[in-house]
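Given the sequences, and given the hints that come with them, work out the whole structure.
Chains E and L, in that order, give the protein sequences. At position 120 of the first sequence the residue is numbered 120 (this note's numbering), and the sequence of numbers has no breaks. At position 408 of the second sequence the residue is numbered 1408 (this note's numbering), and the sequence of numbers has no breaks.
Please note that a few of the clues may not be correct.
Label-pair restraints from in silico Cβ distances [as the list claims (entries may be wrong)]: (1) L:E1312 / E:I156: 30 to 40 Å; (2) E:G250 / L:E1421: 51 to 61 Å; (3) E:T167 / L:E1099: 58 to 68 Å; (4) L:G1173 / E:G136: 30 to 40 Å.
Calculated directly from the structure, the hints in this document are not laboratory data. Ideal placement from N, C-alpha and C gives every residue a C-beta, glycine not left out.
Below are the chains, spelled out letter by letter.
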Amino acid sequence: MSLPVTILSGYLGAGKTTLVNQMLRQADGKRLAIMVNEFGDLPIDADLIEAEGDDMIALAGGCVCCSYGDDLMAALTQMAAMQPPPDHIILEASGVALPGAIASSLGIVAGIRAAGVVVLADVAQIEGQLANDYIGDTVVRQLAAADLVVLTKGDIAGAAQVAHARTTVAAHADSAAVVEASHGRVPLDVVLNPVQIAIPQRGEPHGNAAGLISEVDVPEGEVDADDYARELASRTEVIRAKGHVNTAQGLRTVQVVGSQWEVSAPPQNAQAGVVVIRLKDPV
Amino acid sequence: MITIYKARKIITMNPAHAHTTHVAVRDGKILGTGPLEDLEGWGDYTLDDRFADKVLMPGLIEAHSHLMEGSLWAYTYVGFFDRMSPEGEMQKGSKNLQEVLAKLKEAESKIEDPDAPMPAWSLDPIYFDNVRVTRHDLDQVSSTRPIGIMHASGHIMNVNTKALELAGMMRAGVNHDGVPLGDDGMPLGELKGPDVMTPVSPFVGFDRDMLACDEKGIWRFGKLCVRAGVTTATDLANKLPDETVNMFTKITGQTKYPTRIVSLRFHHGISPEDLIDHAIALKPKSTEMLRLGKIKVIVDGSIQGFSARLREPGYFNGAPNGLWYISPEHLKYILENALEKGIHINTHTNGDQATQLVIETMTEALRKHPSSDHRFVLQHCQLADAAQFRKIAKLGMCVNLFANHHFYWGDEHYKLTVGPERAERMNAAGTALREGVPMTIHSDAPITPLGPLFTGWCAVNRLTASGRTLGEADKITVDQALYAITLGAAYTLHMDQEIGSIEAGKRADFAVLEDDPEEIGSDKLKDVRVWGTVQGGRVFAVADI
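Structure representation (structure tokens):
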């Protein structure tokens, strides 16, 4: 069994540290290994720390935190060889690192595999970051590599800004699910398995990560496809939806990613039914 | 005890006594220069005329090198160009892949332990039509011993099948831009970029902390300095843990060690706060021969690796823009705190966008913490244009341009990376001086060989390896080049009060030359023969090291 690694990316101040602390609190027996660039960036909440070494901190519940400094690959190799092995590695990339490049490098290290890329975006900052001459393209590349984007600090910025950021982010992270969560309150399993949120094909097993519900909705009778898709897109707990609905004009395909929605002509042999993936408990 | 050295000619870099014939030395420091009668008043002296037919210059200063150059000589050199080893053995360049393999085979046959890895260095396939070296080629040298060859750029490594096996990479399904695959779906053994090199490096004998250098390497580095006429050299990027500092202190403190080392703490792998604290803690550990407390910040990558940050119009071949190795926020923190606390910062910027970021960040930082004399240095600064140099001058910053790069990779930049116009302006020493920027030039050894006179030749002639003159307008004169590798370099290190010229009160650091660099001709500056050095009054002859 190879050791899964979730890459946690996002520009400075996006809330990576807060999320990591929340994950540790939710670990519930899972042995998480947190890897950070340097400890200066990760003030782990003091009550979680059991023992501190130069490059390694032992945390409550068998979790560890280590700094990889300037040699990520060597640190990963060491982590893969750790006994007993951790259940999951969460690799916090530096604010300017490209998570896509890191994900492809993970394939080089024997015994580990990339579980996906989670990119955090501060809803109040993301527009400015994208418009910045120096770091804009870096943030674009981070978002493009995301399997899951977590919009953070929405409670401070307000709903309008969240909606705006959601649209902006979706434009750059077209294959990613987008969720909003302040204070790092994202279900642990969502962060550990960001790829599983990807739309399952009909007939294939659905993603069953705890904290996410994947269900098939078959509206009764005929519906207006635009209204149906718009309503799904307006529900914050809905991450993705894809499928086909009966309308007065016949079968139509609806697709929802975050607040974005689209109605199109169905493929041949399509049947009515929409797979909806949503958070179990809006957090 | 006063010694007066008589020389054929002394080039002092002191305009009041630009050229003279005698220099008086006491306790490692210069009492004065001039004709003998001007110096006799200092009291009893010994007249030493061993340099009577030599030319003395201020000890040359290499302001951007790495001690790793010394460590690499423990490995097999397979570079294209002839290169002098620390022990004075001219290593012949390998002109094609067959010669590389032949050299490796010869070295391999001398290793007794059948399992010992074999590292080699300085391969540069751009000089043989960019032929791709593969594991199959290296398997001809040995199929049982792991072999790894570091490219001259330091960005690519070639390994054999055994090395891939040991690293767990000899398998199908490796999916990475930096790992080209063969028709069989297996890695070809070319590893591009640090991410894919580091998992294999330990198996081929490249120690992870090679940058920090080992004892043997430091001694070898010292020998290379004597051969190049260098009496002060920088070690530009070191983590400087206590054990390294202790080793450096011990070795450089020995009377036989010929080089003053300036070692900089680099920013990777440590928080900006800890970086500032470490630099402050390092500074008081400085000695006469080991200078600490400066910081190196790596802002972007390299141009030939397409990881440098470029402004528009970007890379000539359409490659996407490069990488930031530090966030603008952390750069700002470091510059502001360094200005406030008097720490000397050196920023590595290759691309002009990275340079622009430093310029703009520095402009703001200086508003908060005005400094009359910070002399922060833009290292490499290869693509800066005239407007940037004007701004750099206004900010009180210095540049250390990579003149050697022009010779070794100028053709590649012309054809591939930035295109003809910007390739011509790379390392624009002429512009820098015209715009009033304090400037020095460097080798970045081991990326290119240590040798300030060669570096000066590069800046004076701006020739590429293929013989193209790249950037006529940015040539500098021999006098400007000689200044750049002495007092110019000293200024950028905040050391011009003690080294860089031969004048009263300064360290008795001399480059002892067989030929006169002012007379030999600008096209032959690189051919000036070095007899040795005098460092702090101690004489080091190339013939004796």
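Q. Which of the listed hints are not met by the structure?
A. none
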